[in-house]
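Produce the entire structure from the sequences given, and follow the hints as far as they go.
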Amino acid sequence: MKKLIGLVAALCINPLAQAEKIAIVGGTIHTMSDAGTLTNQALLMDGNKIIGFVGADAVPAEYSRFDATGKVVTPGLIVSNSQLGLVEVGFSAGIVDSSADHSEFSPLGAAADVSYAINPASSLMGITRMEGVTLAGTSMNYTHAMFQGQGAVISLSGAEQPVVKAAAFMPLNVSGRAVDGLGGSRALLWPQLITALDEAMARNGKLLGLDEEYHGALTRADLNSLIQVVSGKVRLLVEVQRAADIRQVLSLIKRYPDLQLALSGASEAWMVAGQIAEAGVPVVINPESNLPYDFDQLAATLANAGRLADAGVSVCIGMNTHNARLITQYAGNAVANGLSWQDGLAALTINPARMLGVDNQYGSLESGKQADVVIWSGDPLEVMEVAEQVFIGGEAVDMQSRQTKLRDRYLHRDPAKPAPYTRP
Amino acid sequence: MHTQRKGIHVLALCISTMWLTACDDKPAAPAGEKVVINQDPYPSTYQAMPSTPTLISNVNLLDGIGGMQEGISVLLQDGKITAIGKDIPQPENTRVIDGSGRWLTPGIIDVHSHLGVYATPETQSHSDGNEATAPITAAVWAEHSIWPQDPGFQRALAGGVTTLQILPGSANLVGGRSVTVKNAPNRTIQDMKFPGAPYGLKMACGENPKRVYGNKGGPSTRMGNVAGYRQGWADAQNYQRQWDKYYEDFDAGKNPAPPKRDLKLETLAGVLKGDIRVHMHCYRADDMGTMLDVMKEFNYQIASFQHAVEAYKIADKLAENNVCSAMWADWWGFKMEAYDGIRENIPMVHAAGACAIVHSDDDKGIQRLNQEAAKALSDGQRAGIDISKATAWQWLSANPAKSLGIFDKTGSIELGKNADVVLWSADPFSTYAQTEKVFIDGALAFDRQDPDSWPVADFELGQTGEGDAK
Chain R
1 MKKLIGLVAA LCINPLAQAE KIAIVGGTIH TMSDAGTLTN QALLMDGNKI
51 IGFVGADAVP AEYSRFDATG KVVTPGLIVS NSQLGLVEVG FSAGIVDSSA
101 DHSEFSPLGA AADVSYAINP ASSLMGITRM EGVTLAGTSM NYTHAMFQGQ
151 GAVISLSGAE QPVVKAAAFM PLNVSGRAVD GLGGSRALLW PQLITALDEA
201 MARNGKLLGL DEEYHGALTR ADLNSLIQVV SGKVRLLVEV QRAADIRQVL
251 SLIKRYPDLQ LALSGASEAW MVAGQIAEAG VPVVINPESN LPYDFDQLAA
301 TLANAGRLAD AGVSVCIGMN THNARLITQY AGNAVANGLS WQDGLAALTI
351 NPARMLGVDN QYGSLESGKQ ADVVIWSGDP LEVMEVAEQV FIGGEAVDMQ
401 SRQTKLRDRY LHRDPAKPAP YTRP
Chain H
1 MHTQRKGIHV LALCISTMWL TACDDKPAAP AGEKVVINQD PYPSTYQAMP
51 STPTLISNVN LLDGIGGMQE GISVLLQDGK ITAIGKDIPQ PENTRVIDGS
101 GRWLTPGIID VHSHLGVYAT PETQSHSDGN EATAPITAAV WAEHSIWPQD
151 PGFQRALAGG VTTLQILPGS ANLVGGRSVT VKNAPNRTIQ DMKFPGAPYG
201 LKMACGENPK RVYGNKGGPS TRMGNVAGYR QGWADAQNYQ RQWDKYYEDF
251 DAGKNPAPPK RDLKLETLAG VLKGDIRVHM HCYRADDMGT MLDVMKEFNY
301 QIASFQHAVE AYKIADKLAE NNVCSAMWAD WWGFKMEAYD GIRENIPMVH
351 AAGACAIVHS DDDKGIQRLN QEAAKALSDG QRAGIDISKA TAWQWLSANP
401 AKSLGIFDKT GSIELGKNAD VVLWSADPFS TYAQTEKVFI DGALAFDRQD
451 PDSWPVADFE LGQTGEGDAK
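Keeping their order, the protein sequence lines are chains R and H.
For the first sequence, the UniProt record's numbering assigns the number 1 to the initial residue and increments by one for each residue that follows.
For the second sequence, the UniProt record's numbering assigns the number 1 to the initial residue and increments by one for each residue that follows.
Keep in mind the hints are simulated off the structure, nothing from the lab.
This structure is a prediction, so every number in the text was calculated from the model and none was measured.
Just so it is clear, CB atoms sit at the ideal spot from N, CA and C, and this is done for glycine as well.
Don't take each hint at face value.
Residues of chain H clear of chain R, computed beta-carbon distances all greater than 10 Å [to be verified]:
{"#": "1", "residue": "N186"}
{"#": "2", "residue": "F429"}
{"#": "3", "residue": "T431"}
{"#": "4", "residue": "V456"}
Derived DSS-like pairs (lysine-lysine); straight-line CA-CA distance at most 27 Å [said to hold, decoys possible]:
{"#": "5", "chain 1": "R", "residue 1": "K405", "chain 2": "H", "residue 2": "K335"}
{"#": "6", "chain 1": "H", "residue 1": "K245", "chain 2": "H", "residue 2": "K264"}
{"#": "7", "chain 1": "H", "residue 1": "K296", "chain 2": "H", "residue 2": "K245"}
{"#": "8", "chain 1": "H", "residue 1": "K409", "chain 2": "H", "residue 2": "K86"}
{"#": "9", "chain 1": "H", "residue 1": "K296", "chain 2": "H", "residue 2": "K273"}
{"#": "10", "chain 1": "R", "residue 1": "K165", "chain 2": "R", "residue 2": "K49"}
{"#": "11", "chain 1": "R", "residue 1": "K405", "chain 2": "H", "residue 2": "K86"}
{"#": "12", "chain 1": "H", "residue 1": "K389", "chain 2": "R", "residue 2": "K405"}
{"#": "13", "chain 1": "H", "residue 1": "K409", "chain 2": "R", "residue 2": "K417"}
{"#": "14", "chain 1": "R", "residue 1": "K417", "chain 2": "H", "residue 2": "K317"}
Okay, structure coming up:
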């Protein structure tokens, strides 16, 4: 049995990368399950699965030990909605798969599907995963149409098959800013939206076959995509800010009883927190957004997250791409402004797992779930603490990225030679 | 005798009889009047709020110049820091604030803000930050765009920001003059101007100008950008020579006609004379390297590179040339010139002996610059760069103040400095620390425990969420 003295050894020789059975021993383990927070325990992982917990002094001999004494152990973090895997550099730098031109194939944008577009070799994957993010919802954010296609849940492991769940959710933006591109008035947007969903609803869940004659207004591609939404198979993630618009969104549930909703943005959600909680709708927010960017967000406040959680709303944090890694800071600031610490961590783990429909495999440290685990230097919501080792699917990930290589080149540059000859 | 004519102060000088005779010979010329341009036509009308002597006792002090002391007391009186020590005699009617368990720091100074020029709500009507009509718009002044009702000022105050530089945007090679303000918005912009602060000039490298002007007559390339700066400085040199000649001739009694005033070249010439400080948006190391030579070619000083995402690659050169870098902790990748951003940029610049500054360029980021410094400090420490918290606070106050030319007045907790200080609920390098009290010139500008005292912008009065905890 290999005994690892500590993290330094782990980083240098990284024998865990190949290990089948690993025990993370000691530390404070936040399971994010009913088991709560554990100490003096060992988390057992076999292959890509979590086996369970045993006492720290009862680790079976065949397990390689990772010493987490004095550390904090959490599930891998989950970014609720991003463009990870779809964009390398967003601006003036070539194709960006998170945006698309207007398409005759899918005039409503519902049929676009990012699961075909994910690049697991993107530099953002390594940069983000070494900071503790192991899973992400990812979707388009600009389609020149009402819907932003079908978003996916992806693993940040860098593996050949990054897609954990295709068609996990479909973004729709009904905020004032989106209205600008969709007829210029909510009075036009909403009837368009309801007409499209009604048409999908009228199919009673039956997809339109190739041989069927059809006289509806939607293209086959959009229709079949929206049937999945109104039947609750694909969650509708609605970006919305103003309290009145949130009430309008919630009213969709009466029309389409099987609809699975989530809200994003939601600056004024705290004002209708009770109704959101009653409807059981999760909310994805940026808890640092506290300015009236438009007249839809006059009531934006840092207290949004805490007030929503107090009302019983499931809060998810994470709407960023290049700096998706900052979700820990976002959550920390939500905690500083009224969210409980446990709800802060839940907003990065079990809550987004549920929102994305992958909580049977992700979001908590429980027997049978994927072994996505992070060992932190301390409280992960503290800005001065870091992920010291990340495991995805039971494998210790390489804690380097393109950015750490750039750093190391210029920290240890050989001044006698041109910079490209320093190879970190 | 001073008279005002089209913004120019015309000073009548009667030096000699001979000179006056010359005036009489040419009555149509501006006889007897030496044209002197007023350098401060929009003077500050800032007035500190009322204050009472305040003793903050038994507090953990970060003085902002590298020192940390525990259990110390600091006296704020008449707008200044008047005593620092263990046992300070209290003047009568002194308010005593128990600083136990709390931390006191200099107020945060953000050298890169667009509050007021890109105010919230972000309507087209409020988009006043880029005069994107010509690549060199040195004639424009940011202060003429600032909307003091921007709710962002109050949010930044709650984050401990007491002073900020507001700049034009980066669409242009030369965007225009910046202004340094106290974070005390009032009815007019002059009410918040930092008394005695020198002007800055916003310039920009790289992608933005060439993108904006690529289809509008150029520049469309980086080399076009550099040709633009150089021609601008050459024109300013020529302009300054005309004025120098005018004053020389005037003083020689020749009664010359003054040159036509050119507001653009007047500002550029102000840089060449050392009166106006250049703050230049540059991301790439090679762009900055080129600008260091443009600076030498035309003999001016760049006070700071703004954003400076690749400053870590040339930190030694930045130190040699005495140019500050104002940086984010971790922003990267949103465009090609930001692709090589790394988390250790700030500590690596600092470690090379160059001047490092934490900046925001963002109405959310400005609310927690202490956390940006904390991230940079932590990342530097983990990369083996030994920096203390006390040293790191220089990135937030002293170095920004030096780059803005106001360090003689603010930016540290030292005797005689303006009493611009922040009392934090806990170690400000923690995510959970919040400002409890923010003082500007000794006046309590923000008190978290007293919601009724919070400033509320006109825009937010009578609206949903008025007076809420923001």
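**Study point:** Hints that the structure is at odds with (numbers, increasing)
**Key:** Numbers 2, 3, 11, 13, in rising order.
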